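Take the sequence shown: its letters are residues 0 to 143, numbered as in numbering that gives the first Met the number 0.
Source of the hints: derived by calculation from the structure; they are not laboratory data. It cannot be assumed that every hint is accurate.
[To be verified] List time: in silico DSS-like cross-link candidates among lysine-lysine, alpha-carbon distance up to 25 Å: (1) 86 x 69; (2) 129 x 102; (3) 97 x 86; (4) 110 x 97; (5) 44 x 89.
This one's a predicted model, so the numbers in the text were calculated from it and none came from an experiment.
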Amino acid sequence: MGNISNFNLDKQEDKSFNDLDNISICFSEGIRKVVEMNLNNYKNKISKYLNETSKIELLEPKELTIVISKGYPDYLMSVEEASKRLKIDKVFGYELIKNGLLKSVDIGATKVSSYELDDFITRNQGKNIKEMLREMKELREGVI
């Protein structure tokens, strides 16, 4: 009989070990599934982010225009007024416009924006405008 009771205990111990093995296997599987779920969630979030980022990059403009608000209103002035502000004669003012150094608007009469005039002055600080104009004329004559 002693053998039978020992046999029953061994079976119970085996069953306990089997239960522990099953529990640890289930626990390991559960952890693995949770980790996989979290990784898949992060992967999906990253994919969405990358897709949105690439969409944004595709929609970005090739050129960027920055509008800087000046502390005074923009107004159109005649070429004569612009020439007076630059302290040049009117003919030279028209030459600057004709050669593209000074931008203008033609609304029946040629007008120059006050902002354009200020930008022209800023762009050409320290430059000899007469020399630039002479070089432009020579280049154009060489092309024609």
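Verification of the supplied hints:
1. In summary, the hint linking residue 86 to residue 69 is supported, as the alpha carbons are separated by about 23 Å, within the 25 Å threshold.
2. For the suggested pair residue 129 and residue 102, the alpha carbons sit about 17 Å apart, so the restraint of at most 25 Å is met.
3. Our distance criterion of 25 Å between C-alpha atoms is met by residue 97 and residue 86, whose separation comes to about 18 Å.
4. The suggested pairing of residue 110 with residue 97 holds, with an alpha-carbon distance near 13 Å, which does not exceed 25 Å.
5. Only pairs whose Cα atoms come within 25 Å are accepted, and residue 44 paired with residue 89 is rejected, the gap being roughly 65 Å.
In summary, the one numbered hint that this structure violates is 5.
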